[in-house]
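Engineer: Under the working numbering, the first residue of the sequence shown carries the number 13, and numbering increases by one thereafter.
Hints are supplied without guarantee of correctness; some may be wrong.
[To be verified] Here are the computed lysine-lysine pairs in the DSBU-like style, where the Cα-Cα straight-line distance is at most 35 Å:
| id | residue 1 | residue 2 |
| --- | --- | --- |
| 1 | LYS426 | LYS397 |
| 2 | LYS70 | LYS316 |
| 3 | LYS88 | LYS352 |
| 4 | LYS457 | LYS482 |
| 5 | LYS482 | LYS271 |
| 6 | LYS110 | LYS316 |
| 7 | LYS467 | LYS457 |
| 8 | LYS88 | LYS70 |
| 9 | LYS467 | LYS397 |
| 10 | LYS397 | LYS313 |
| 11 | LYS316 | LYS397 |
| 12 | LYS426 | LYS88 |
| 13 | LYS352 | LYS313 |
| 14 | LYS70 | LYS347 |
| 15 | LYS238 | LYS313 |
| 16 | LYS271 | LYS347 |
| 17 | LYS482 | LYS110 |
| 18 | LYS482 | LYS88 |
| 19 | LYS334 | LYS238 |
| 20 | LYS482 | LYS467 |
| 21 | LYS271 | LYS246 |
| 22 | LYS271 | LYS70 |
| 23 | LYS110 | LYS313 |
| 24 | LYS397 | LYS271 |
| 25 | LYS238 | LYS271 |
| 26 | LYS334 | LYS70 |
| 27 | LYS397 | LYS246 |
| 28 | LYS347 | LYS316 |
| 29 | LYS138 | LYS70 |
| 30 | LYS482 | LYS313 |
| 31 | LYS426 | LYS334 |
| 32 | LYS238 | LYS138 |
| 33 | LYS397 | LYS238 |
These aren't lab readings, by the way, just hints derived from the structure by calculation.
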Amino acid sequence: MVTQYNNLINGEMVDTGEWLNVVNPANEEVIGQVPACGQDELDTAVSAARAAFRTWSKTPVEERQAAVMAISAAIKENADELYRLLTSEQGKPHAQAKGEIYGAAGMAAAQSTLTLEDEITEDSEKRLSRTRRVPVGVVGGIVPWNFPVSMAVQKIVPAMLSGCTIVLKPSPFTPLATLRVAELIADIVPAGVVNIITGEDDLGPMITAHPDIDKITFTGSTATGKHIMEGAAKDLKRITLELGGNDASIVLPDANVEKVAEQLFWSSFMNAGQVCIAAKRVYIHEDIYDELSAAIAEYAKTVKVGDGSQQGTAVGPIQNEKQYERVLELIQDAKDNGYKFLVGGEGAQDDIPGYYVPVTILDNPPEDARIVAEEQFGPVMPLMKFSTTEEAIARANASEYGLAGAVWTADPDKGVEVAEQLETGTVWVNEYLHLSPFAPFGGHKQSGFGAEYGKEGLTEFTYPQVITVKRDNVPA
């Protein structure tokens, strides 16, 4: 029997009577059903959020922080159930799913310590002026399928801390673990403060266009982000967009091949490459290219691709059929153009169910190859040679995206020097995929608008309000 999961609206777990199927990408079997919401359900959720905002926006920040900590505790206490459910709907191996669940709980707990203090901008004999941060109102959150729980938490937490209320839409591909979290927090969070509703892709534009939603926070593709900006313009909604990336890693000639080969592999292939900040392009200095590319390829051959619920699996399936077909299309394009493969290149595995793409590594494709110029979002890694650091920086920056990047070197000072020339929101030196709850995360160029995490991310859910008191004009 397929389990049905309900939505959270105004503190109650409810359904619509109409259901959407959720498929396990490892075997293409239906593993759950979720409500198919439309305009009526959205209106109900938004009305609940608007009513709750009147009280929640005036709730002391200490109480808001306590509610966030209670959400963190609920996720952590139920982590074993949640990570297994996450693997079944998303496909990532159990170890990575466990990391997402515990990471979401940890991020929530850490961010609960953040506050936005008033700022005194003038304190003179004539006047006292201070700037305070006030909550925007009702937030519409739209979450992707690659990290569904952590991205849901990352939208819920700053909304709550700032005094906003939220209506959250999970991806129709991966709503199950998020709805289980909804069930866990239904009695923890005041009714209407957090509402989680599910539906097809047409529910997203309804959220963006809703006249009583004040802000949109979205994580997903750049193309969809542009549509959201267009839709939000009608009501001048505030927006935060964390969008696509074609992130470049630069490996300088002094890098230790033995140390960095495995790390470089996982910078690209974590979560089957379905990470917005994964290394999508790897530039290796010509002096060490042959040795390092061979080391990465040899390590790749030891990595098991398969069902994320099975012991030993390190790379799971692509999450959904549409993305699976896109990744296969990019591999076929590389084959059609005669590019060399160090590992993989065979494409689909038609003899077994599931959206599996073998680990694939290309050997020095040209800069205009689709696999280099486009974001693949799958387990495909192009390695390219460069001669000078200036050349590598120029090639890394020659992209419409600017989300993240990395520099690998034995000289951290040189690494920082290179990092400061990359046109991205985040750059790592000698590590990858690290995000801090206290540091802002956001993209440059077409990789996004605004920031998440840290005080900057919390500020995104507020307006500044300046209150000025004239001191030398008080009636006697």
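Engineer: Please go over all the hints and tell whether each is borne out by the structure.
Structural biologist: Hints versus structure:
Among the hinted pairs, LYS426 with LYS397 is consistent with the structure: their alpha-carbon atoms are about 19 Å apart, no more than 35 Å. The straight-line distance between the Cα atoms of LYS70 and LYS316 is roughly 52 Å, outside the 35 Å bound, and the hint therefore fails. About 45 Å separates the Cα atoms of LYS88 and LYS352, which puts this hinted pair outside 35 Å; it is violated. For the given pair, LYS457 sits about 43 Å from LYS482 by alpha-carbon distance, which is inconsistent with the 35 Å threshold.
Between LYS482 and LYS271 the CA atoms are separated by roughly 63 Å; this puts the pair beyond 35 Å, and the hint is violated. Of the supplied pair hints, the one linking LYS110 and LYS316 holds, its CA atoms being roughly 18 Å apart against a limit of 35 Å. A distance of roughly 22 Å separates the Cα atoms of LYS467 and LYS457; the hinted pair therefore holds under the 35 Å criterion. The straight-line distance between the Cα atoms of LYS88 and LYS70 is roughly 28 Å, inside the 35 Å bound, and the hint therefore holds.
For the proposed pair LYS467 and LYS397, the alpha carbon gap of about 39 Å is over 35 Å, so the pair is violated. A threshold of 35 Å between alpha carbons decides the hint, and for LYS397 with LYS313 the separation of about 22 Å falls inside it, so the pair holds. At roughly 27 Å between alpha-carbon atoms, LYS316 and LYS397 fall within 35 Å of each other, so this suggested pair holds. For the suggested pair LYS426 and LYS88, the alpha carbons sit about 40 Å apart, so the restraint of at most 35 Å is broken.
Taking the CA atoms of LYS352 and LYS313, the gap is near 17 Å; set against the 35 Å cutoff, the hint holds. Distance hint between LYS70 and LYS347 is unfulfilled; the C-alpha atoms sit about 60 Å from each other, more than 35 Å. Distance hint between LYS238 and LYS313 is unfulfilled; the C-alpha atoms sit about 39 Å from each other, more than 35 Å. In summary, the hint linking LYS271 to LYS347 is supported, as the alpha carbons are separated by about 31 Å, within the 35 Å threshold.
Between LYS482 and LYS110, the direct Cα distance comes to roughly 56 Å. Violation of the 35 Å bound is thereby established for this hinted pair. Note on LYS482 and LYS88: the hinted pairing is violated, with a Cα-Cα distance of about 50 Å set against a maximum of 35 Å. Taking the CA atoms of LYS334 and LYS238, the gap is about 20 Å. The hint holds against a cut of 35 Å. Distance restraint check for LYS482 and LYS467: the Cα-Cα separation of roughly 30 Å lies within the 35 Å cut-off, and the hinted pair is therefore satisfied.
Straight-line distance between C-alpha atoms of LYS271 and LYS246 comes to about 52 Å, which puts the hinted pair past the 35 Å bound. Of the supplied pair hints, the one linking LYS271 and LYS70 is violated, its CA atoms being roughly 52 Å apart against a limit of 35 Å. For a cut-off of 35 Å, the pair hint linking LYS110 to LYS313 stands: about 25 Å separates their Cα positions. Using a Cα cut-off of 35 Å, the hinted pair LYS397 and LYS271 holds, with the two alpha carbons roughly 19 Å apart.
Distance hint between LYS238 and LYS271 is unfulfilled; the C-alpha atoms sit about 40 Å from each other, more than 35 Å. For the proposed pair LYS334 and LYS70, the alpha carbon gap of about 44 Å is over 35 Å, so the pair is violated. Of the pairs offered as hints, the one joining LYS397 and LYS246 is violated, with about 47 Å between alpha carbons and a cut-off of 35 Å exceeded. Taken as a hint, the LYS347 and LYS316 pair is honoured in the structure, with Cα atoms around 23 Å apart against an allowance of 35 Å.
Restraint check: the Cα-Cα separation between LYS138 and LYS70 comes to about 30 Å, which is no more than 35 Å; the hinted pair holds. At most 35 Å may separate the alpha-carbon atoms for a hinted pair to count; LYS482 and LYS313 exceed this at roughly 72 Å. The suggested pairing of LYS426 with LYS334 is violated, with an alpha-carbon distance near 41 Å, which exceeds 35 Å. Note on LYS238 and LYS138: the hinted pairing is violated, with a Cα-Cα distance of about 47 Å set against a maximum of 35 Å.
Our distance criterion of 35 Å between C-alpha atoms is met by LYS397 and LYS238, whose separation comes to about 33 Å.
The earlier numbered hints that this structure contradicts are 2, 3, 4, 5, 9, 12, 14, 15, 17, 18, 21, 22, 25, 26, 27, 30, 31, 32.
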